[in-house]
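Chemist: So you can see what is in the structure, the chains are spelled out below.
Number of protein chains: 2
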Amino acid sequence: MRDAYHEELDSIGDGLVEMARLVGSAIGRATTAILDSDLKLAEAVIEADQKVDDLQHELEARAITLLARQQPVATDLRIVVTSLRMSADLERSGDLAQHVAKLARLRYPERAVPHDLHATILEMGQLAQRLMAKAAEVIITKDVDLALQLEQDDDAMDLLHRALFQHLMDDRWKHGIETAVDVTLLGRYYERYADHAVAVAKRVVYLVTGEHPDDLQSDIQPATQVEGA
Amino acid sequence: MRDAYHEELDSIGDGLVEMARLVGSAIGRATTAILDSDLKLAEAVIEADQKVDDLQHELEARAITLLARQQPVATDLRIVVTSLRMSADLERSGDLAQHVAKLARLRYPERAVPHDLHATILEMGQLAQRLMAKAAEVIITKDVDLALQLEQDDDAMDLLHRALFQHLMDDRWKHGIETAVDVTLLGRYYERYADHAVAVAKRVVYLVTGEHPDDLQSDIQPATQVEGA
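Here the protein sequences come in this chain order: G and V.
Read in the UniProt record's numbering, the first sequence has 68 at position 68, and its numbers run on one by one without any break.
Read in the UniProt record's numbering, the second sequence has 109 at position 109, and its numbers run on one by one without any break.
Some hints could be false.
If the Cβ cut is set under 10 Å, some of the chain G residues that face chain V in the computed set are [as the list claims (entries may be wrong)]:
#1 A63
#2 V80
#3 V81
#4 A88
#5 I140
#6 V144
#7 D170
#8 I177
#9 V183
If you only want the chain V side, here are some residues facing chain G, beta carbon under 10 Å, derived [to be verified]:
#10 A44
#11 A48
#12 V73
#13 A74
#14 R85
#15 L148
#16 W173
#17 A180
Because the hints were derived from the structure by calculation, they are not lab data.
Think of the CB as a built atom: it goes at the ideal place given N, C-alpha and C, for glycine as much as any other residue.
Taking the hints into account, I'd like the entire structure generated from these sequences.
Modeler: Following this line, the structure appears as structure tokens:
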């Protein structure tokens, strides 16, 4: 019985890694779709999110069955409850990748991102994908140091986000309001995506150390704050 | 023992209602702060979010203790797990109210919202607060009909959000990029806040009926889609 139980726990972990893999791929592909204005790729990303949602539902059902049948305590209980939270973070990350793809589809055949912001958005997309790849690695290895490293990477995302806003607010902005709105939302999607990847890693820290890292769920201050202070 | 157990379950419900009350008040006050450019009120909202975070941590700790000690099954287990999710929704709603307040603080003594959008933002703020008040009532009464009514209210929020974007995209927009960015983010905060209130109500439906309402966690399509299709 005990063996089947730990197999079940492991399979929840495998499900989380699979979700992280899928949403990591999704943000990379969504970024390509929006930069290249590739409608087919955008639609593929939009459709693929269903798989992430299905995985989350499966994983939740499995976690609840495990709670009911095995009634874990202590560490095992913490693992199951934390897994539920991680799956919610990953599902939400998938939604955000889907939002990027939907914006690509909406603007097709135009490009949502002007040329002078191409490099910044590319970097945000790549960083988001790397963050999620590391989060997956943290789930597998339970490496606390790697998890803490994600916070530094997230600082890099904040810097990119600030750069994006500075560019927007620059008097020389010549792309009009629609593009400003698109870029504002894009920036927010990447920033939130990164927050969720960091949250996943921090939850692993909580599992390993038993300590709640500082307030997981609040994200950074609104990006427009950049030109304040 | 059984009595203490149900008392504990009830106290989790009370905690959720208290959280909903606090974040409902927060979004109302944040809206006033941003419309009136009231710095003190904005700061009060920003500070008060700590109380919401504390409540969430308490509630989570209580839920996990209850899972470990009482090992609930069936309906009771579902209540505890769903409560954890609701507390995450409510905590996030609090963050979003805080974001509105931070934007008010950032722009002070200027107003972030131009006069011609005052009415729309006021309506979004009021609707958000009403949605949360109804979500609290749904937690208390477990009234499935009321819960489903929240979805209709959320449609009204989507309409307001679209109106906001139409206004932004209008060629006669004369408030510049910074205000366009602010209004874009504000719209997103209210929309997400409403999504979380609806999610809370839907989770109660799940508890009562045992059925997963359609995909809870994905929010509506990006608002910029309004001028597509």
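Chemist: Run every hint past the structure and note whether it holds.
Modeler: Do the hints match the structure? See the list:
1. Evaluation of the A63 of chain G hint against chain V yields a held restraint, the C-beta minimum of about 8 Å falling below 10 Å.
2. Evaluation of the V80 of chain G hint against chain V yields a held restraint, the C-beta minimum of about 9 Å falling below 10 Å.
3. The beta carbon of V81 of chain G comes within 6 Å of a beta carbon in chain V, closer than 10 Å, and the hint placing it at the interface holds.
4. At a threshold of 10 Å, the smallest CB-CB gap from A88 of chain G to chain V is about 7 Å, leaving the interface hint in force.
5. Because the closest C-beta pair between I140 of chain G and chain V is about 24 Å apart, greater than 10 Å, the hint is violated.
6. The beta carbon of V144 of chain G comes no nearer than 21 Å to any beta carbon in chain V, farther than 10 Å, and the hint placing it at the interface is violated.
7. Taking 10 Å as the C-beta contact cut-off toward chain V, the hint placing D170 of chain G at the interface holds, the least distance being around 9 Å.
8. Residue-level restraint check for I177 of chain G holds (minimum Cβ-Cβ distance to chain V is 5 Å; threshold 10 Å).
9. This hint holds: V183 of chain G has a C-beta 9 Å from the nearest C-beta of chain V, less than the 10 Å allowed.
10. The criterion of a C-beta within 10 Å of any C-beta in chain G is not met by A44 of chain V, whose closest approach is roughly 17 Å, and the hint is violated.
11. Annotation: interface hint on A48 of chain V violated; nearest CB of chain G at approximately 13 Å, more than 10 Å.
12. Interface hint status for V73 of chain V: upheld, as the beta-carbon distance to the closest one in chain G is roughly 5 Å, under 10 Å.
13. Given the 10 Å rule on beta carbons, the hint for A74 of chain V holds: about 7 Å separates it from the nearest Cβ of chain G.
14. The interface hint given for R85 of chain V is met, as the beta carbon of that residue sits about 7 Å from the closest beta carbon of chain G, less than 10 Å.
15. For L148 of chain V, the shortest C-beta to C-beta distance to chain G is roughly 21 Å, which exceeds 10 Å, and the interface hint is violated.
16. Interface hint at W173 of chain V: satisfied, since its Cβ lies 5 Å from the closest Cβ of chain G, which is below the 10 Å cut-off.
17. The interface hint given for A180 of chain V holds, since its Cβ lies 5 Å from the closest Cβ of chain G, which is under the 10 Å cut-off.
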